[in-house]
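Undergrad: Chains as they are written, first to last, in numbering that gives the first Met the number 0: chain A, 0 to 269; chain B, 0 to 338; chain C, 0 to 541.
Just so you know, the hints here were simulated from the structure itself, not pulled from any lab data. Using N, Cα and C, we set each Cβ at its ideal position, and we do this for glycine too. Mixed in with the good hints, there may be bad ones.
Computed footprint of chain C on chain A, listed as stretches where at least three residues anywhere in the stretch have a Cβ under 8 Å from a Cβ of chain C [said to hold, decoys possible]:
| no. | stretch |
| --- | --- |
| 1 | 33-42 |
| 2 | 211-220 |
| 3 | 224-231 |
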Amino acid sequence: MRKIIKNPMSLAGLIIISIIGILAIFAGYLSPFDPNYININAILLSPDGTHWMGTDALGRDVFSRMLHGAQISLLVGIVAVGISTIIGIILGSVAGYYRGIADTIIMRLVDVMLSIPSFFLILAVIAFLTPSIWNIMIVIGLTSWMGVTRLVRAEFLSLKERDFVLAAQTLGASDFRIILTHLLPNSLGPIIVSTVLGVASAVLVESGLSFLGLGVQAPTASWGNILTDGKEYIQFAWWLSLFPGLAILITVLGYNLLGEGLRDNFDQNT
Amino acid sequence: MLNYLIKRILWMIPMLIGISLISFFIMHLAPGDITSNESAFNPKASEESRQKLRELYNLDKPIIVQYGLWLKRIVQLDFGSSFASHQRPVLWEKKDENGNIKPGLIQKALPITLLINLLTILLIFSISILLGTIAAIKKNKIPDRVITLFVFVGFAIPGFWLALILMYSLGVVNQVLPISGLHSIGYEQMSKLGQIFDLLKHLALPVFISCLSGLAGISLYVRNGMIEILNQDFIKTARAKGLYEKKVIFVHTLKNALLPLITILGLSIPGLIGGSVIAESIFAIPGMGKLFYDAVLMRDFPVVMGILTIGSILTLLGNLIADLAYAWADPRIRRGLAK
Amino acid sequence: MHKFLALLILSLVVGCNNSQNLDNTNYDDPALPESGGALTNAMIGEPNNLIAMIAGDSASSAIAGQIFNSLLKYDENLGFEGDLADSWTISDDYKKITFNLKQDIKWADDEPFTCEDVLFTWKKVTDPDTRTPYGSDYQLVSSASCANNHIFIAEYDEPYAPALETWASLHILPEHLLKDEDINDTYFSLSPTGSNYYALDEWTTGQQVKLKTNPNSVHGRPLLEKKITRIIPDLSSQFMELIAGNIDLMNINPIQYSRVFPSRSELNDKINLYKEMGNGYTYFGFNLKKKPFDDVNIRKAISYAINKEEIINGVLLGLGEEITSPYKPGTYWENKSINKISFDVSRSRELLEKSGYQLNANNIYEKDGKPLAFEILTNQNKQREMTAVLIQRRLQDIGIDVSIRVIEWASFVNRFIKTGEFEAVVLGWSLSLDPDQYSIWHSSQQGPGQFNFIGYNNPRVDTLLEDGRKELNNEKRKQIYDEFSKIIYDEQPIIYLYAGYGLTAIHKKIKGVKKTTPPAGVFHNDYEWYIPKKFRRNEMSL
Numbered sequence: 000m001r002k003i004i005k006n007p008m009s010l011a012g013l014i015i016i017s018i019i020g021i022l023a024i025f026a027g028y029l030s031p032f033d034p035n036y037i038n039i040n041a042i043l044l045s046p047d048g049t050h051w052m053g054t055d056a057l058g059r060d061v062f063s064r065m066l067h068g069a070q071i072s073l074l075v076g077i078v079a080v081g082i083s084t085i086i087g088i089i090l091g092s093v094a095g096y097y098r099g100i101a102d103t104i105i106m107r108l109v110d111v112m113l114s115i116p117s118f119f120l121i122l123a124v125i126a127f128l129t130p131s132i133w134n135i136m137i138v139i140g141l142t143s144w145m146g147v148t149r150l151v152r153a154e155f156l157s158l159k160e161r162d163f164v165l166a167a168q169t170l171g172a173s174d175f176r177i178i179l180t181h182l183l184p185n186s187l188g189p190i191i192v193s194t195v196l197g198v199a200s201a202v203l204v205e206s207g208l209s210f211l212g213l214g215v216q217a218p219t220a221s222w223g224n225i226l227t228d229g230k231e232y233i234q235f236a237w238w239l240s241l242f243p244g245l246a247i248l249i250t251v252l253g254y255n256l257l258g259e260g261l262r263d264n265f266d267q268n269t
Numbered sequence: 000m001l002n003y004l005i006k007r008i009l010w011m012i013p014m015l016i017g018i019s020l021i022s023f024f025i026m027h028l029a030p031g032d033i034t035s036n037e038s039a040f041n042p043k044a045s046e047e048s049r050q051k052l053r054e055l056y057n058l059d060k061p062i063i064v065q066y067g068l069w070l071k072r073i074v075q076l077d078f079g080s081s082f083a084s085h086q087r088p089v090l091w092e093k094k095d096e097n098g099n100i101k102p103g104l105i106q107k108a109l110p111i112t113l114l115i116n117l118l119t120i121l122l123i124f125s126i127s128i129l130l131g132t133i134a135a136i137k138k139n140k141i142p143d144r145v146i147t148l149f150v151f152v153g154f155a156i157p158g159f160w161l162a163l164i165l166m167y168s169l170g171v172v173n174q175v176l177p178i179s180g181l182h183s184i185g186y187e188q189m190s191k192l193g194q195i196f197d198l199l200k201h202l203a204l205p206v207f208i209s210c211l212s213g214l215a216g217i218s219l220y221v222r223n224g225m226i227e228i229l230n231q232d233f234i235k236t237a238r239a240k241g242l243y244e245k246k247v248i249f250v251h252t253l254k255n256a257l258l259p260l261i262t263i264l265g266l267s268i269p270g271l272i273g274g275s276v277i278a279e280s281i282f283a284i285p286g287m288g289k290l291f292y293d294a295v296l297m298r299d300f301p302v303v304m305g306i307l308t309i310g311s312i313l314t315l316l317g318n319l320i321a322d323l324a325y326a327w328a329d330p331r332i333r334r335g336l337a338k
Numbered sequence: 000m001h002k003f004l005a006l007l008i009l010s011l012v013v014g015c016n017n018s019q020n021l022d023n024t025n026y027d028d029p030a031l032p033e034s035g036g037a038l039t040n041a042m043i044g045e046p047n048n049l050i051a052m053i054a055g056d057s058a059s060s061a062i063a064g065q066i067f068n069s070l071l072k073y074d075e076n077l078g079f080e081g082d083l084a085d086s087w088t089i090s091d092d093y094k095k096i097t098f099n100l101k102q103d104i105k106w107a108d109d110e111p112f113t114c115e116d117v118l119f120t121w122k123k124v125t126d127p128d129t130r131t132p133y134g135s136d137y138q139l140v141s142s143a144s145c146a147n148n149h150i151f152i153a154e155y156d157e158p159y160a161p162a163l164e165t166w167a168s169l170h171i172l173p174e175h176l177l178k179d180e181d182i183n184d185t186y187f188s189l190s191p192t193g194s195n196y197y198a199l200d201e202w203t204t205g206q207q208v209k210l211k212t213n214p215n216s217v218h219g220r221p222l223l224e225k226k227i228t229r230i231i232p233d234l235s236s237q238f239m240e241l242i243a244g245n246i247d248l249m250n251i252n253p254i255q256y257s258r259v260f261p262s263r264s265e266l267n268d269k270i271n272l273y274k275e276m277g278n279g280y281t282y283f284g285f286n287l288k289k290k291p292f293d294d295v296n297i298r299k300a301i302s303y304a305i306n307k308e309e310i311i312n313g314v315l316l317g318l319g320e321e322i323t324s325p326y327k328p329g330t331y332w333e334n335k336s337i338n339k340i341s342f343d344v345s346r347s348r349e350l351l352e353k354s355g356y357q358l359n360a361n362n363i364y365e366k367d368g369k370p371l372a373f374e375i376l377t378n379q380n381k382q383r384e385m386t387a388v389l390i391q392r393r394l395q396d397i398g399i400d401v402s403i404r405v406i407e408w409a410s411f412v413n414r415f416i417k418t419g420e421f422e423a424v425v426l427g428w429s430l431s432l433d434p435d436q437y438s439i440w441h442s443s444q445q446g447p448g449q450f451n452f453i454g455y456n457n458p459r460v461d462t463l464l465e466d467g468r469k470e471l472n473n474e475k476r477k478q479i480y481d482e483f484s485k486i487i488y489d490e491q492p493i494i495y496l497y498a499g500y501g502l503t504a505i506h507k508k509i510k511g512v513k514k515t516t517p518p519a520g521v522f523h524n525d526y527e528w529y530i531p532k533k534f535r536r537n538e539m540s541l
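From just these sequences and the hints, can you work out the full model?
TA: Encoded structure:
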């Protein structure tokens with residue numbers, strides 16, 4: 000922890016994430032307006048004293064929508080990454096520890112998943128299930144576990160040969176126990192790094208999906224859809240592009256800084 | 000090692016069949032087919048005619064039969080014709096009896112995608128090696144911090160946001176670069192050199208945007224790899240022997256740090272034929288990304304399956320190369336395999 | 000490696016010798032018509048087949064329409080006039096149409112145009128082997144024949160009033176070039192020969208379609224020598240190309256029309272804006288087979304609860320109109336005598352409570368323990384989404400719980416519409432020029448894939464629709480359809496929301512555009528448009 004604070008980059012990352020996290024959690028209290036409150040007399044107002052970030056095409060307060068959008072973006076990121084990490088840990092441990100047939104099958108499965116473009120899977124699934132925030136989270140999670148799997152497997156492969164594992168095996172510890180108490184804790188480093196970086200990616204993916212019309216749906220606000228809604232008149236309504244774009248940039252940056260800082264931290268330990 | 004290689008290659012055949020089968024089924028899971036396009040809600044178009052169309056394309060047969068028909072053709076390297084584009088060949092142009100050539104869809108879309116991707120990879124690798132090396136040498140000092148920040152910002156910027164901003168400032172307000180498309184009006188009248196410049200001008204923004212997000216990964220990889228090696232004993236030995244500093248870095252370090260980059264290159268191979276549908280839409284570039292996306296929305300099965308087939312072959316090959324390179328580079332795993 | 004980067008940057012800087020930072024040209028300068036010049040516009044999709052009867056998409060028909068003619072076309076007031084036909088007569092029993100074709104007309108390849116071409120085209124569109132979705136109208140022709148080289152006769156078993164409209168939308172194809180071809184697969188679809196103002200010059204797949212004047216054009220040469228259509232899938236990119244002066248016209252949205260342009264004087268110096276009645280209307284559709292939408296009072300209650308003016312002001316910024324019949328406002332068929340259902344919350348509550356609904360503890364109307372709640376489905380269309388959001392807000396206010404789902408088109412059609420698995424939709428139809436509405440409202444059209452998907456069933460309307468198809472006397476026909484639209488409005492199986500305006504931005508360098516847009520639209524006289532030499536782009540040799 001101390002190392003994180005010492006490194007100015009990861010410290011900056013931590014601060015950014017914390018600020019955004021707090022804004023997201025308390026969005027409800029901090030929003031001056033109901034983010035879904037439509038006011039057709041206030042369409043596309045530029046930022047002023049009442050509407051700090053202006054209003055959108057239906058007169059809704061952009062600042063309030065941005066705060067609630069923070070909730071959505073972070074929710075999507077965290078749940079999606081949670082799903083992919085859990086799947087990745089399970090598959091990666093089994094592959095790395097047991098090797099043999101299980102390893103072959105799992106790695107071939109990874110190859111298959113990597114061969115089918117994730118966008119295609121996402122589109123097909125969302126088309127089938129219809130876009131909703133939960134489906135988006137599940138689908139992003141189900142299409143990004145491959146990296147974690149490989150990582151965990153690689154860690155397990157090199158850790159497996161170490162003395163403390165051999166000792167535990169000789170003492171008769173069960174496989175499950177060895178994985179849970181010896182191997183996983185020592186692999187935690189790269190997993191945490193991957194998780195943090197994964198949240199950043201998920202936020203970017205959601206904004207990309209919004210551009211294609213497959214992201215979080217109206218009337219729910221997300222940074223991606225605020226940006227997309229305003230793209231045909233950015234010359235006029237610059238506030239609809241600037242604020243969500245910056246928000247995505249800063250959030251992703253924060254997560255990346257923290258993630259890389261953590262990576263430096265863990266690397267120095269090995 | 001040879002056994003491993005043979006096993007992997009043999010595995011590719013059932014895997015390709017598996018991938019194509021899964022993709023085929025997923026494609027059919029999404030409801031609708033080619034007849035669900037615009038004419039679906041055109042009162043002039045009758046349901047009987049749409050049903051006829053379905054029969055002609057074998058869409059009314061059971062999925063497994065349709066898959067079988069497709070498989071039979073693909074193993075003969077017949078990628079079929081597109082549903083949506085009314086019989087344009089999916090892969091390569093077809094000549095009819097009168098010598099008229101119908102251009103193939105992938106044939107037209109792939110070159111521009113390859114060009115953009117190759118330029119992108121070239122730029123990413125060269126810039127990243129430069130930046131990563133500087134960052135490693137000046138570790139934890141200002142240049143390192145600045146470079147790290149720069150590549151992170153590059154990764155974090157939403158691509159289409161930056162694209163719109165740059166298109167507006169460089170294409171509309173200042174008119175130094177074209178906004179969209181591949182060629183200017185009057186392209187045909189330009190000299191060969193003029194045409195090359197024109198194309199480069201049109202590709203400048205798309206390549207720049209796709210580079211920006213890729214810089215972070217590779218530069219950090221190079222930086223970290225070099226730092227690790229710079230700390231190792233044999234470098235210290237070389238330094239102690241009094242070898243000239245620059246030579247030490249460039250010759251010894253770079254060589255060792257770059258080896259794992261082959262892994263990454265291998266993993267990038269399948270990406271070569273993939274285009275970003277978002278970038279291609281914004282920049283009006285008729286590449287593989289848009290081709291694939293439109294085909295999925297239109298349920299144009301031959302095109303979707305054609306692109307997925309090529310993509311999965313490349314992915315499997317790329318993964319194989321990457322895994323081999325990684326295993327070779329990491330002595331710990333090499334030892335584990337040899338046991 | 001540094002050198003490579005430097006070279007790249009240098010090439011970009013050196014290569015740009017086209018900077019037009021300051022455009023001080025005065026485009027308001029009047030100029031006499033002169034031929035030549037090229038108009039550049041943009042499309043979001045690419046045409047894929049220029050034989051319109053086979054292509055299903057609007058991009059293909061837009062380009063094909065410049066190349067081919069039909070027998071008839073619409074004049075500027077939306078009446079019929081001859082395209083390839085000079086004149087036509089309808090027999091007294093209304094079962095035979097005789098077209099007198101123009102004589103001494105040649106195809107672009109110099110071959111003469113004759114009645115054989117019309118007959119051939121009709122045979123093709125009615126041939127079961129032709130992969131066309133549009134055959135049904137033409138199959139009603141019981142016999143088609145050529146009396147001689149320039150008289151074409153179409154006979155019907157029964158009078159078919161929409162017939163003239165069908166002959167205004169069938170592109171006539173050259174028999175001599177297609178008679179030995181498989182029309183579904185022929186190269187002609189990528190390299191056609193037509194008879195209209197333009198011929199295909201060059202088609203660069205994925206990038207642009209170039210048309211050039213056809214010297215044999217039926218109606219004489221247009222002034223604009225070339226038309227270049229660039230394919231730009233993203234509307235924000237298109238708009239940027241418009242304001243940078245790289246494309247000359249574009250269909251714009253209400254926000255660009257009302258907010259972006261007025262805020263930029265330099266844009267108004269270069270570009271004119273045009274407003275016309277659009278071609279479609281947006282509606283809120285009930286699934287009449289699902290309770291409680293089978294009760295007309297509930298439907299009316301919902302209609303009273305929706306503030307249509309607010310939707311027009313919010314979604315279209317006022318650039319649209321309410322309609323009460325499915326016909327283009329300002330045209331003959333519009334039924335002006337229907338009284339609008341206004342925005343009236345108390346009337347809405349009255350109707351709901353009369354039907355047995357009471358507000359529950361959550362302020363939602365409830366009857367027999369079931370709250371009044373449903374889901375609105377719509378496809379990925381910004382305006383429809385915004386409309387649905389506004390409807391949701393108004394209905395929530397009154398006590399109806401509404402959720403919204405936006406679905407990708409193919410899934411929408413197949414999973415929900417075809418199967419009848421929906422409660423309410425926000426969708427659109429086009430505003431018909433011919434009043435026939437059989438396929439949308441007749442009770443026989445409720446099969447899966449057919450257009451009466453909301454399940455409307457009214458025997459009186461069925462009879463009216465059948466009669467309307469056979470009545471060729473316009474006055475009598477109007478009475479039939481006036482009654483038809485009145486019944487539809489009274490029963491509110493759909494709630495008409497709005498008919499939006501068509502908004503076009505055209506660069507001032509394009510002269511000849513009519514100041515007052517006629518009912519047929521701003522593009523109607525584009526063959527008269529011209530670009531004075533001094534305003535033409537640096538196009539080198541054309």
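Undergrad: Evaluate each hint against the coordinates.
TA: Structure-based check of all given hints:
1. Beta-carbon proximity to chain C at under 8 Å applies to 4 residues in the stretch 33-42 of chain A; the threshold of 3 is reached and the given coverage holds.
2. Counting residues of the stretch 211-220 of chain A whose CB lies closer than 8 Å to any CB of chain C gives 5, so the stated coverage by that chain holds, three being the minimum.
3. Figure legend: the stretch 224-231 of chain A, annotated as covered by chain C; annotation consistent (3 residues with Cβ-Cβ distances under 8 Å, at least 3 required).
Going through the hint list in order, the structure satisfies each hint without exception.
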